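Enquirer: Protein chains in written order, with UniProt numbering: chain A, 1 to 176; chain B, 1 to 454.
Calculated from the structure, these hints are not laboratory results. In this text the structure is predicted, and so the values were computed from the model without any measurement. Accuracy of the hints is not assured; some may be wrong.
What the hints assert, rightly or not - The calculated PhoX-like cross-link candidates involving lysine-lysine, where the alpha carbons are at most 25 Å apart (straight line), are: (1) A/K157 / A/K51; (2) A/K157 / A/K172; (3) A/K173 / B/K446; (4) A/K163 / B/K446.
Stated by the list, open to error - So, partial list: chain B residues that the calculated Cβ filter (under 10 Å) puts toward chain A: (5) T13; (6) G15; (7) T17; (8) F156; (9) A229; (10) W252; (11) Q356; (12) W359; (13) K362; (14) T365; (15) S366; (16) A369; (17) K442.
Note that the Cβ used here is the ideal one computed from N, Cα and C, for glycine as well.
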Amino acid sequence: MERDKNFVLGVYDDEDVLLDAVSKVRESGVKIHEVYSPFPVHGLDEALGYKRSRLPIAAFLFGLLGTSLALTMQFYMMRFDWPMIIGGKDYAAFPDFIPVTFELTVLLAAFGMVGVFMVSSNLKPWGQPRIFDLRITDDKHVMAIDLAANASLGEDKIAEVLKNSGATEVNKKSFE
Amino acid sequence: MQVTSSVREPLITGGKTLKDVTHDISRQVEGKPSMAWLLALLVSVGVLVLGGLALVATLWEGIGMWGLNKTIGWAWDITNFVWWVGIGHAGTLISAVLLLFRQKWRMAINRAAEAMTIFAVICAAMFPIIHMGRPWLGAYWALPLPNTFGSLWVNFNSPLLWDVFAISTYFSVSLVFWYIGLIPDFATIRDRATGIRKTIYGALAFGWDGAAKTWSRYESVALILAGLATPLVLSVHTIVSFDFATSVIPGWHTTIFPPYFVAGAIFSGFAMVLTLMIITRKVFKLEDYITIVHIELMNIVIIITGSIVGIAYITEFFIAWYSGVAAEQYAFVNRAFGPYWWAYWSMMTCNVISPQLFWFKKIRTSIVATFLLSIVVNIGMWFERFVIIVTSLHRDFLPSSWAMFSPTWADIGVYLFTFGLFFTLFLLFAKFFPVINMAEVKSIVKSSSEKVNK
Chain A
1 MERDKNFVLG
11 VYDDEDVLLD
21 AVSKVRESGV
31 KIHEVYSPFP
41 VHGLDEALGY
51 KRSRLPIAAF
61 LFGLLGTSLA
71 LTMQFYMMRF
81 DWPMIIGGKD
91 YAAFPDFIPV
101 TFELTVLLAA
111 FGMVGVFMVS
121 SNLKPWGQPR
131 IFDLRITDDK
141 HVMAIDLAAN
151 ASLGEDKIAE
161 VLKNSGATEV
171 NKKSFE
Chain B
1 MQVTSSVREP
11 LITGGKTLKD
21 VTHDISRQVE
31 GKPSMAWLLA
41 LLVSVGVLVL
51 GGLALVATLW
61 EGIGMWGLNK
71 TIGWAWDITN
81 FVWWVGIGHA
91 GTLISAVLLL
101 FRQKWRMAIN
111 RAAEAMTIFA
121 VICAAMFPII
131 HMGRPWLGAY
141 WALPLPNTFG
151 SLWVNFNSPL
161 LWDVFAISTY
171 FSVSLVFWYI
181 GLIPDFATIR
191 DRATGIRKTI
201 YGALAFGWDG
211 AAKTWSRYES
221 VALILAGLAT
231 PLVLSVHTIV
241 SFDFATSVIP
251 GWHTTIFPPY
261 FVAGAIFSGF
271 AMVLTLMIIT
281 RKVFKLEDYI
291 TIVHIELMNI
301 VIIITGSIVG
311 IAYITEFFIA
321 WYSGVAAEQY
331 AFVNRAFGPY
341 WWAYWSMMTC
351 NVISPQLFWF
361 KKIRTSIVAT
371 FLLSIVVNIG
381 MWFERFVIIV
391 TSLHRDFLPS
401 SWAMFSPTWA
411 DIGVYLFTFG
421 LFFTLFLLFA
431 KFFPVINMAE
441 VKSIVKSSSE
451 KVNK
């Protein structure tokens with residue numbers, strides 16, 4: 001049996017039942033492939049044992065890049081490349097550079113972080129996701145169990161665990 | 001377990017289930033356009049084309065087409081610019097600031113408010129660009145691009161240039177924020193559609209699969225974007241106010257401008273959100289999602305920001321007197337009792353007196369009253385910008401150069417063009433995109449719907 005091809009799916013109606021189910025299923029030794037939901041269920045990532053996202057770090061680093069880029073650009077242009085004294089003002093006054101520096105910091109932080117998010121989550125316009133169940137963008141939560149990763153347990157055992165954890169349906173799904 | 005409160009008013013009425021949410025909000029996108037929508041689009045495109053003539057005339061002949069003169073170099077153009085930017089403030093405020101404050105009532109209105117922000121900022125940005133006279137050269141004047149004059153750069157000491165950075169950053173970050181929020185909902189529509197619509201919405205959905213891992217990242221992205229956009233909202237109108245405040249013109253040269261402009265922007269932004277939401281909920285039958293509770297809460301924001309603006313008007317007067325500067329004192333007396341007294345008192349009536357009516361619960365929970373007052377506030381806020389700009393300029397330091405301003409057909413036409421553009425874009429959005437954030441509303445069905453609160 002190949003990996004990532006054959007799945008047993010537990011369908012859940014309620015997010016609180018789902019949260020309990022995730023812990024129950026994990027305790028019974030079944031490895032969960034992924035859980036799919038129509039909306040963000042708070043606490044689900046912790047229940048699944050996911051690590052905290054490092055996106056804040058990405059945002060910070062891109063922000064820092066924006067700050068240094070903006071300051072370097074402004075000081076280079078105004079102080080060194082073409083000093084212009086306009087209205088008697090200092091041509092390289094730090095306070096005057098704050099608005100542009102702030103805006104570029106925010107711009108790069110936002111775009112950099114969103115870019116990292118898109119790449120890490122594999123989101124792209126031509127993306128063809130594997131749809132486990134059409135109802136996961138409507139009203140159902142689906143817990144997908146990879147059969148290959150749980151080879152020692154067997155399909156029936158997994159179905160039983162899912163049923164006992166509160167799944168309203170247990171289905172099978174295979175991908176080419 | 002989710003914590004539910006029996007004290008709070010439900011945010012979703014009509015005993016909706018998750019399936020109902022999908023159905024009610026996708027219905028508009030999936031169905032045939034209604035006659036009302038087509039008619040509204042026709043009117044908007046008509047206004048866009050007619051006003052477009054004025055825009056073409058302005059670009060062809062130059063800004064001599066406008067009623068500007070040597071004394072009054074800024075008038076309707078910059079008034080409209082500041083007014084539209086102000087309207088563009090509620091969207092990101094509702095999404096970002098209220099997200100950080102964990103205000104769940106933002107969820108039904110944030111999508112449409114963000115769309116409004118983006119379209120309003122597009123309309124706003126047009127004015128400074130056209131106002132440059134030769135906008136095809138504008139890129140060299142506004143952006144630090146190497147040009148044929150050698151290494152002559154834009155002036156980073158100028159608040160007008162800060163504005164370029166502020167508006168374009170605000171626009172692009174708001175656009176990204178809005179689009180990220182749309183992705184899961186496009187996936188919902190993709191999974192209900194067939195044929196060419198499935199392909200289009202599939203591309204728009206970016207291959208969203210609703211995985212817990214993606215949702216987890218998505219939530220941190222939303223939170224950090226909110227954290228970045230919150231100071232951004234405040235910075236944009238602060239910087240717009242610097243356009244005036246850093247000058248030495250009496251009536252402009254005031255340190256109160258940044259907070260006063262920000263409050264005014266939120267004030268007019270919420271007024272426009274109310275105008276649009278009241279129409280949208282009625283036309284698309286979304287009364288169960290955009291409830292009277294939402295409208296009442298927005299009206300409370302109107303009272304607060306309207307009062308801040310009112311205090312700012314009075315403070316300006318006080319400071320003008322207290323400063324002892326004759327030119328400053330004259331500017332303010334001239335505003336209230338000079339040739340433009342009618343604009344000043346329209347502003348005072350619309351912005352200071354009218355929102356105070358919302359202290360009465362009967363008025364702030366009345367749809368008709370809210371709709372009318374929201375339009376009154378927007379008229380008042382337009383007058384505020386007109387008063388600040390034109391009354392400060394028309395009485396120069398030299399009485400020999402005193403002048404009056406009256407708009408030409410081209411001034412009026414370009415303003416109408418932006419109205420046509422705004423409503424055309426909003427109508428297209430309302431038809432082809434889900435107007436309410438389905439995923440977010442679904443996440444509060446269990447805790448904030450009528451069913452639970454019973």
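Enquirer: Please list, smallest to largest, the hint numbers that this structure does not respect.
Expert: Going through the list in order, the structure violates hints 1, 3, 5, 6, 10, 11, 12, 13, 14, 15 and 16 and respects the others.
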